[in-house]
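Residue numbers (the numbering used here), protein chains in the order written: chain A, 1 to 146; chain B, 1001 to 1171; chain C, 2001 to 2649.
Some hints here could point you the wrong way.
[Claimed, not checked] In silico PhoX-like pairs for lysine-lysine, Cα to Cα no more than 20 Å straight-line: (1) Lys1026(B) / Lys2379(C); (2) Lys1168(B) / Lys1026(B); (3) Lys2552(C) / Lys1032(B); (4) Lys1168(B) / Lys1038(B).
What the hints contain is simulated information worked out from the structure, not anything from laboratory work.
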Amino acid sequence: MIFLLLVTALGLPPGPPEGAPLSGQALEQRTHEVASLLRCPVCQGMSVADSPSTVALDMKQHVHELLARGYTEEQILSYFESSYGQFVRLKPRNPLVWILPVVVFLIGAVLVVVTLRRLSSPTTENRELRTDNPYLDRVRELVEKE
Amino acid sequence: MNRTVLIVGAAITLALVAVLFVGLGKDPAEIKSPLIGKPAPEFALKAVGTGQTIDIAALRGKPVVLNFWATWCVPCYQEHPVLVQNAQIIPNVQFIGVVFNDTEDKINAFLRERGSVYPTLLDEQGKTAIAYGVGGVPETYFLNRQGVIVAKFTGPMTTEILQSNVAKALQ
Amino acid sequence: MTAALGRFIVLASVFVSAAGSIVAFAAGRKRSLDGLQMARRFAYAFAALMALATLVMEYALLTHDFSVGYVAHVGSREVPTWVTIVSLWSSLEGSILFWGLVLGAYIAGATWLTRNQHSDYMPYAIGTWLGCATFFSFLIAGPANPFLTVPAAPDGPGPNALLQNHMLMIIHPPFLYLGYVGMTIPFGFACAALLRGRLGHSFLRPLRSSLLLAWIFLTIAIMLGGWWAYEVLGWGGYWAWDPVENASLLPWLTATAALHSAVVMERRGVLKGWTVTLVQGSFLLTILGTFMTRSGVFNSVHSFTQSAIGPTILVFLAATLLYSVVLLALRINSLESDGRIESPVSREGMFLVNNLLFVLLTFTVLIGTLFPLINEAFKGRQMSVGRPYFDSMVVPVGTALLFLIGVGPALPWGRATKQQVIRSLLLPFISGAVVAIIGFIAGVRNPWTILTLLFGGYAAFVTFNEMFRGGPKVVRRGRRRFGAYVVHAGAVIVLVSIAVSSTMRTSKEVRMTRGQAANIGPYTVTFIAAEDRTEPHRQSTIARFAITSNGKPVTTLEPRMNQYATMREPIGTPDVHSTLTRDLYLSIMNIDPGTQTVSVMMLITPMVSWIWIAVFMMGIGGVIALIPLRRAAIVSEAKDSVPEDAVTA
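In isolation and in its complexed conformation, chain A is listed as follows (with noise of 0.2 Å):
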């Protein structure tokens, strides 16, 4: 009980370390990563890793804490959602802002082709640009214009 009450007074994510702990560059590298993926309760959109302000400061300390403990990324931004609320995580889970996206390119694609066709089709007349002649036309145009 009073180790437990240890363990979470130092501010640790529940339950134990489900990676391998990190060292040196990579170390660095990963905790740069992971910090990129919270924001920053206090600036306006950024993260923790590009912000100067001293919240920041003390996330990305503690993100490379429990890095260097080996706590995977997901235990990590499963701690501090728990305290500062879905809000924190800039990459979203929820999967309809990532398929919507890629509906709409099908969509599209399926528009593009379907235009594509009916345009090129044998059938669709190539009626002449608006006068007899277009020559004289886009001269008329660009004389008058002047």
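Since the structure of chain A is already known, use the hints to place chains B and C on it.
Just chains B and C, lined up with the frame of chain A:
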């Protein structure tokens, strides 16, 4: 009349305007704390001046006003007298101050000048602040007798806000 | 007195623009040339009133008349004169007045330039423009009135300190407004075509030219915004997908798509309805953008606080959306196609793919920006959609676009035979491979960056090939085409520079005491001293660093930490040493003059200066394409632009 354009266009218009309209009613800077209604995270920190270690769990049985601040924070200067005054007049409520990213000397100097009637704890690396989801300072948490966080207030405290939140904690 | 005069002028402009709009639409309905003439006069009158109101405001600012509300808000006797002049657009109310000024100038200009032509379209265009003008006049006269009378104080606080920091912040807003407001003009032309029920070949020119002009300004404005963020904000990046940044990007994306589909429209007479939709969308996105910036609904670095202006803009957005949708639904079918496309495998087909990608980008950025709001509306919880999302989504599409910049111009108009396709892809592909290999040797390992280099080299080859096809005469005669390729060349450089500068950056965070040095890349950074400096509006701590390379002195950099009286957290200002190959960027994380220690973030970002240069190049390309031809060249341009299979007399 191109029905497709009308339906798609009307749908987009309606959806967009509705979302933006709802957004107008909210303040994006006000972030609700996920800790409200949950037990306060445990911590045990040393008090400046006395050197005594205070464990938050040991304070159960009385409502707690937990105020995070720092000497480098300008609005904290404004709210300090409010806290000191109310700590003295509101009975049976424990006031605790937590300072992070600061030095004992600066805190002691601040308290000597402005008065100290309740323990001020030093959270050296800001871990407790992180555990509570503290973004900036000052931020104040209100805990009830069972140690559950009932409210969080961001910004300099005023007497009205303090007293209304303490009332919540007393329920 | 000044305030009352200002209020009067602004109120008059509401009536003038409203009356003018009604007169214009009536003239269109009745096909009355006299009515059109009268509508034109109203348009000029509106522009004159806006200019007058601006002059009155500048007069009030320069004479430090603190009884005028806006002057009391941003004026100050302490600041230099040029700051006083530009504080017109430094804060909300003044910037709306500035919007009105730019709108008036654009409407007057467009009205004057079309005074002798298109009289069957123009009443509707002027009517639409003056309708928008009515709204903005109403905003200035009502919720965002800068001419309110307040009790006169002896002095004022001056404009926002952040805005006085850097030259870029002075020119970014005007360019942004010229781009944003400029979208109103093609919107008017597009609505005119719908109201008239046809989009003739000759009407394409004003539509395209006005769209291109606004596009040029918006392109430069977006670059200036990114450059400012890079030089001033301190995190070493230039684009954070902040809602307000996205607000400026969204109309640019649809406008670029529209410029491309307009080419197909001109050559083949197809895609009229689609182009009109894109043009309307670009304007609507500027209104959405202004709502996002000013309503206080979005969490952003640029946020203004919530005020009555938000709901008003929302009403306008809803009204213009409805206007556009109704017009489209009723009239899009009457914009008949004049022709057809020969084959999907052709340049025309590639233009359509281009549109698909740009619209996809628009939608993705829009969804990312609005999703937190939608989520909160339904679930009541706040969530973030940040850089990681946008970067993941946009990089693949951007890379595909780069590929298209290469393939599109490599394919011929009309129909491409298989042989042509292979031939046009092979040689550029080799040059692309060369660039990619060079990159790999230089240390590039990120797969997307390698791909970008491959496509970039390929696209560069095609672009330069097409640019100079036909010899040096092109610059005089085929200006539109030449200009377009200059834009493409710039775009290729931008995309490659973004890829390289983001993935090849090296950073190092060090703690130094006086006299200590650290190495990064080819540079040695020595910490000389930390000193405090007190200025009237802020307290700064400056860290001085000597930069040397190979023992030879390069420069001195002085990043600083500023504490403004009004802000909770200190704001850092970085210092940058820019060269064509790389930038050395220093930003303070922590500084203590007492112990003379500093914790500094050092960044080496390759090729980042090329982004600013190349976007500027894109602007130049746009200008080249915009310059009208002299009479002698008109006939030859007419020859060039008529499709090969058109019937001639």
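Do the hints match the structure? See the list:
For the proposed pair lysine 1026(B) and lysine 2379(C), the alpha carbon gap of about 13 Å is at most 20 Å, so the pair holds. Between lysine 1168(B) and lysine 1026(B) the CA atoms are separated by roughly 23 Å; this puts the pair beyond 20 Å, and the hint is violated. Taking the CA atoms of lysine 2552(C) and lysine 1032(B), the gap is near 54 Å; set against the 20 Å cutoff, the hint is violated. Restraint check for lysine 1168(B) and lysine 1038(B): the C-alpha separation of about 15 Å stays at or below 20 Å, so the hint holds.
Hint check: violations occur at hints 2 and 3; the rest are consistent with the structure.
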